[in-house]
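Chains as they are written, first to last, in our numbering: chain U, 1 to 83; chain Z, 1 to 83; chain S, 1 to 83; chain F, 1 to 390; chain D, 1 to 390; chain W, 1 to 390.
Among the clues, some could well be false.
[Claimed, not checked] Derived DMTMM-like pairs: lysine to aspartate or glutamate, alpha-carbon spacing no greater than 20 Å straight-line:
#1 F:Lys37 with W:Asp261
#2 F:Lys220 with F:Glu328
#3 D:Lys4 with Z:Glu6
#4 D:Lys38 with F:Asp261
#5 W:Lys320 with W:Glu207
#6 F:Lys320 with F:Glu355
#7 W:Lys4 with U:Glu6
#8 D:Lys324 with D:Glu205
#9 D:Lys351 with D:Glu205
#10 W:Lys37 with D:Asp261
#11 F:Lys320 with F:Glu205
#12 W:Lys116 with W:Glu328
#13 F:Lys320 with S:Glu6
#14 F:Lys358 with F:Glu207
#15 W:Lys38 with D:Glu207
#16 D:Lys320 with D:Glu207
#17 F:Lys116 with F:Asp261
#18 D:Lys37 with F:Asp261
#19 W:Lys116 with W:Glu207
#20 F:Lys38 with W:Glu207
[Claimed, not checked] Computed spacing ranges between beta-carbons, pair by pair:
#21 U:Ile25 with D:Arg262: 46 to 56 Å
#22 W:Val71 with F:Ser326: 52 to 62 Å
#23 W:Lys211 with F:Gly258: 38 to 48 Å
#24 D:Gly72 with F:Phe22: 27 to 37 Å
#25 W:Thr75 with S:Ile25: 51 to 61 Å
#26 F:Val217 with D:Glu328: 15 to 25 Å
#27 F:Gly258 with U:Leu21: 37 to 47 Å
#28 U:Ile25 with D:Lys324: 18 to 28 Å
#29 W:Thr75 with F:Asp145: 39 to 49 Å
#30 S:Asn38 with F:Gly302: 48 to 58 Å
#31 U:Leu36 with D:Gln214: 19 to 29 Å
Since the hints were derived computationally from the structure, they do not count as laboratory data.
Idealized CB from N, CA, C, for every residue including glycine.
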Amino acid sequence: MNGLLEDGLGLMVLGMGFVFLFLIILIFATGYMSSLLNHFFPEPLPAAVQNNASAVAVDKAIDPELAVVITAAVHEHRNSKNV
Amino acid sequence: MNGLLEDGLGLMVLGMGFVFLFLIILIFATGYMSSLLNHFFPEPLPAAVQNNASAVAVDKAIDPELAVVITAAVHEHRNSKNV
Amino acid sequence: MNGLLEDGLGLMVLGMGFVFLFLIILIFATGYMSSLLNHFFPEPLPAAVQNNASAVAVDKAIDPELAVVITAAVHEHRNSKNV
Amino acid sequence: MESKLLNLYHDTGIYQLELGQFVMICVGLLLVYLAIKKGFEPLLLLPIGIGAVMVNIPGAGFMAAPVYDAVGHLTSPGGLQYYIYHGGIETGLFPLLIFMGVGAMTDFGPMLANPKTLLLGAAAQFGIFATVIGAVLLGASGIMDFTLADAAAIGIIGGADGPTAIFVASRLAPDLLGAIAVAAYSYMALVPLIQPPIMRALTSEKERAIKMVQLRVVTKKEKIIFPIVVILLAAMFLPSAAPLLGMFCFGNLMKECGVVDRLSDTAQNALINIVTIFLGLGVGSKLSSADFLNLETLGILGLGLVAFSIGTASGVVMAKIMNKYSVEDINPLIGAAGVSAVPMAARVANKVGLEANKQNFLLMHAMGPNVAGVIGSAVAAGVMLSYVGG
Amino acid sequence: MESKLLNLYHDTGIYQLELGQFVMICVGLLLVYLAIKKGFEPLLLLPIGIGAVMVNIPGAGFMAAPVYDAVGHLTSPGGLQYYIYHGGIETGLFPLLIFMGVGAMTDFGPMLANPKTLLLGAAAQFGIFATVIGAVLLGASGIMDFTLADAAAIGIIGGADGPTAIFVASRLAPDLLGAIAVAAYSYMALVPLIQPPIMRALTSEKERAIKMVQLRVVTKKEKIIFPIVVILLAAMFLPSAAPLLGMFCFGNLMKECGVVDRLSDTAQNALINIVTIFLGLGVGSKLSSADFLNLETLGILGLGLVAFSIGTASGVVMAKIMNKYSVEDINPLIGAAGVSAVPMAARVANKVGLEANKQNFLLMHAMGPNVAGVIGSAVAAGVMLSYVGG
Amino acid sequence: MESKLLNLYHDTGIYQLELGQFVMICVGLLLVYLAIKKGFEPLLLLPIGIGAVMVNIPGAGFMAAPVYDAVGHLTSPGGLQYYIYHGGIETGLFPLLIFMGVGAMTDFGPMLANPKTLLLGAAAQFGIFATVIGAVLLGASGIMDFTLADAAAIGIIGGADGPTAIFVASRLAPDLLGAIAVAAYSYMALVPLIQPPIMRALTSEKERAIKMVQLRVVTKKEKIIFPIVVILLAAMFLPSAAPLLGMFCFGNLMKECGVVDRLSDTAQNALINIVTIFLGLGVGSKLSSADFLNLETLGILGLGLVAFSIGTASGVVMAKIMNKYSVEDINPLIGAAGVSAVPMAARVANKVGLEANKQNFLLMHAMGPNVAGVIGSAVAAGVMLSYVGG
Ligand code: NA
Ligand code: NA
Ligand code: NA
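Only chain U is shown next, with the shape it has when bound in the complex (with noise of 0.2 Å):
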């Protein structure tokens, strides 16, 4: 048709061709990055360590005496549950 056509198909090719370059490296970055870091930083029980959104939140929410509380207050209850 004319050149907007064109210029919007060398938009779809260079931006796929982009996106797929960018995104591989990533992978093959990635990939380098995990395989150094567990083989010179090894970590032996790093699923404890891994924080989630909702973990933090409680954890500002909920100030440390109040955890022991509940905690107590928990523990208890399951105690007398076992009973």
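We have chain U already, so just place chains Z, S, F, D and W with the ligands on it with the hints.
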């Protein structure tokens, strides 16, 4: 006296007129709205739905798991009181 | 050397002079303030009044009813421990 | 170096302080005192008071305008209050954001349960317009130098609604903004002193003891639709009130709709608090001696008191009229709550009612006219902006 | 006074309202309805809808530009949405801050556990570029008046990422911003309706039932280093994507590093909420009848739907190809999550997977392509800004 | 299309990156590393580090100035850091808001219990002015290109107070802002390493073991009046310090007065966090290679260390002198806390005291000079702004 006073009187008359006009229209609009809504979408128990600010705040601050824990603690507390 | 050094020395002398002047005035002003306040408005037990940031934060995050619940839970917990 | 020392001395407040500035610093400290010790609307009066102290420190440059060179580079930065005032108050942004937050804290339930109470919110606005006449008379008689715009901005004090007063004053009479805001918030804090005598004078013991029937339950749907209705009515009948009413209703809709709780929560906490700090400092910046220390300020303070009193009286009288012609009983005291000053005026109505009858709980009944008064003031503000500006 | 009354009447919406404005107010109300009743991305569509209502109130001046006199004093303040739009959207600040907050809420863990899924996030961006061709064809054939910049901005709807769409549109096609943002958020909300039929059409029951091996545990260190790697790659290969990716990764780094929890907490709560309110009102300001009520909007809505569909399809097809050539099984459904629309698209993949096999939990597996899709869209946006702008 | 591909290649960082930018990106990453791994003031150094990375990405345009056409329409939006830097740092707004938040987190109690410790906060400022002489000597001797304004801005590093340093540097030496801020925060983080050797060298074991009498209880009223006294003294004696001291005391007053808890809470949480993020990114924007990679930066880093050391030493010496002439015992270690670096320096004093005597708890005693140091630095900053600017 002069034009200023005249303007002031005009503002008063128009102002009070408009305030009453607007709020009277609002009375009818509100009444009409309420009767329409309650006719087409009757709500059986709206009292429980009524959300108030403090309830929202608590929802925000307390995460669901914690709520369960506390509910359990309270329940426990009540049970033990009854004994 | 030149005017720059002179200016620097001037800044040092004036600066340290002013810092000491200001803080010495502040010592007297503070002392005067404290003695005036404690003379005219003696406070019997100010230690308990002292508010700290974490207390405020907890007040914000925890709604009164919840506090009651938790206090109850804690009370329960302690009672059961004593048994 | 002696010259530098002299410069430093010339920079001190001791050397530069003018009497007017000294007086205004004292006024600022008085506001701080009232806020902390007397509990006068501390959220606003504390920042306003400190802002007044700051702006009157000679040479501190809190209101200094920034200076740019020919190519547009900043050669001298402006002062904190300059940026706050011109960025948030002159533009109207801060009052509108406060209004959004207040909307997110408002419960229209009691008003929706008894929409007739909107009339009380309308009647109490008579304080506004009566005061306009008062200000106009002072202006026309040459006693004080008030234009129609000034008179309108002064009248709005009678709306008993801080953000509305600041919004209108910033548009109609920026020079009077400081005095108007101080008067508005001070009298709002004084509602428990100003209103009860007027309420008692206009009502009999028997009227004050009238119990009202319990309010019907309002559904969630009504609460959601109502703010939209108000926006649309504002759009139809009074677009000049749409910024205030629109933001108010937007905030209320965020609260009631239940699907954007995190936005509603921020609007009524972090955001409104941030804006309140800035609004206070910005309003305080208008408490300069040039703007404040003159006869007009006395006039504003006096007229503001008149406005509150007339608003209270007209609300009570309207409630008495309604009580006469309505099927259900209406306690005239709740009319006083129509001036706004949420929720103080409603609490005052409740308290005066309890004095007459220990079982007479008017609080929820008074909340209806109370929030209606906010809408009424915003409508009055819209009329003024349209009438004076157009 | 009659003239004043006439003025007041001439100021009313009833007198001034044009048909286009009326229609756009209805569109705004429709968005509010969809947000509240249908739960369509309410955090954005509610403010956008109210913003659309506000901007179309005749005479309310929400988009009025401020007027200054010759010496630079403000003679007439601007409207709320004027300041919001020009201060935060035209400048790109709000989308970038939203991106920071979203980064602080994103967990790259599942993606890091299985980096191959980044390919799915790449493939799903084909929806973007295919749509560009569609828009270009409409433009080239003269049916609609689309330039290359318009076409690029429309295509980004297929990225299924609101802030990216707003950022690109504000730079390439500000006039289409309203329609593009509405389309982007509406279709993101419609993901549970749009995607499943396409996913089912392109996969067999057996494929949908494929279980994937459990993801390995990702260490904290990997999560901390990853956002830095992304920033550096953006710096090296695509600086035009660096604003979006940089702020996204900055937010994520604040979350993962564990030493600035208070900043991370604010970025994903108070700050993002404040900006969301403003962003919504600002986007709403572009829903004026002049910009919205024309054939192009229909084209944008249609093309957006096409973009989503093609993106979903290409993600699924890529996942099928990977499943064929990869050692480990890959359920093709997770390819659909590559369009972004976090976390809705991942949930949809999980749901469709559960239909085929009650024990098939794909959620975490789909989160990888899901966040990869955000990066992919940002890269696509960078290419567009560089290609069209350069 | 080949030309477009070439354009895209020319846009990449690989093609454009200059050595200086590469080095500065590494410097930014180093700051991020120090923040996360070493815990160096992470709240500031993390955003500063990322800001440094961002601003040095070639072609990303984070510091691009907006471009307007002849009639004032935006043709090309500015970069994120451009708006942050010019909006909040050049104007001084962000440091002042941080100061307000810090004030709302400060407890003047220990200082009020023992006002003499204000002298320690004064003495420790000698580090500032000795460093000015050092910088002036480097400038006068032609080794480095320092003006008096530069020397003053460098000296303020010795104040061990980040916002004060940024505020002064933004006014006196914007080009050095990046290096000064980095030096200030780095050395604040290094206080536990820098101070103890100096403290031990200047004191005997016996002196370090001195126990101090328990502090008297300070009443709430004293805490409320004190910030007002400071504001008024600043107004009288040093208006150029009034912005810093005023905002600091305003924050403190909000905290202590007890009637505006919601404002105080926001000032020390949401607001300070938001501003900290922006401040960090804005300061990072001054870490461009042109401003940072030169001999002057080395000079600044070296002089900053000197400033800290001299400040620590002069605080300790002053405490020894006071111990000699005072009735009550004063442990010379608490003098080191006079440099500010709240609360790190007080903790260091406590720790070194505990080493000499297991029962010697100096923390609360050291908090007095510690907060006095903040006031002292602000006063020093005021003198500098007045002396150099006037
Ligand atoms: Na009112
Ligand atoms: Na995407
Ligand atoms: Na200091």
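We went through each hint and held it up to the structure:
1. F:Lys37 with W:Asp261: At roughly 15 Å apart (the allowed maximum being 20 Å), Asp261 of chain W and Lys37 of chain F satisfy the hint.
2. F:Lys220 with F:Glu328: 25 Å, violated
3. D:Lys4 with Z:Glu6: At roughly 12 Å apart (the allowed maximum being 20 Å), Glu6 of chain Z and Lys4 of chain D satisfy the hint.
4. D:Lys38 with F:Asp261: Between Lys38 of chain D and Asp261 of chain F the Cα gap is close to 16 Å, so the pair holds against 20 Å.
5. W:Lys320 with W:Glu207: 9 Å, holds
6. F:Lys320 with F:Glu355: 19 Å, holds
7. W:Lys4 with U:Glu6: 12 Å, holds
8. D:Lys324 with D:Glu205: 16 Å, holds
9. D:Lys351 with D:Glu205: 14 Å, holds
10. W:Lys37 with D:Asp261: This hinted pair holds, its Cα atoms lying about 15 Å apart.
11. F:Lys320 with F:Glu205: 13 Å, holds
12. W:Lys116 with W:Glu328: 11 Å, holds
13. F:Lys320 with S:Glu6: Not OK: Lys320 of chain F and Glu6 of chain S at ~81 Å, beyond 20 Å, violated.
14. F:Lys358 with F:Glu207: Given that 20 Å is the threshold and the Cα spacing comes to 14 Å, the pair holds.
15. W:Lys38 with D:Glu207: Between Lys38 of chain W and Glu207 of chain D the Cα gap is close to 49 Å, so the pair fails against 20 Å, i.e. violated.
16. D:Lys320 with D:Glu207: Distance of about 9 Å is within 20 Å: holds.
17. F:Lys116 with F:Asp261: 30 Å, violated
18. D:Lys37 with F:Asp261: Within the cut-off at roughly 15 Å; holds.
19. W:Lys116 with W:Glu207: Cα-Cα ~19 Å, so holds.
20. F:Lys38 with W:Glu207: 49 Å, violated
21. U:Ile25 with D:Arg262: 46 to 56 Å: 34 Å, violated
22. W:Val71 with F:Ser326: 52 to 62 Å: 60 Å, holds
23. W:Lys211 with F:Gly258: 38 to 48 Å: Because 60 Å falls outside the window, the suggested range is violated.
24. D:Gly72 with F:Phe22: 27 to 37 Å: 31 Å, holds
25. W:Thr75 with S:Ile25: 51 to 61 Å: 55 Å, holds
26. F:Val217 with D:Glu328: 15 to 25 Å: 58 Å, violated
27. F:Gly258 with U:Leu21: 37 to 47 Å: 45 Å, holds
28. U:Ile25 with D:Lys324: 18 to 28 Å: 23 Å, holds
29. W:Thr75 with F:Asp145: 39 to 49 Å: 46 Å, holds
30. S:Asn38 with F:Gly302: 48 to 58 Å: 40 Å, violated
31. U:Leu36 with D:Gln214: 19 to 29 Å: For Leu36 of chain U and Gln214 of chain D the Cβ distance comes to about 24 Å; the hint holds.
Figure legend: structure checked against the earlier numbered hints; hints not met, in rising order: 2, 13, 15, 17, 20, 21, 23, 26 and 30.
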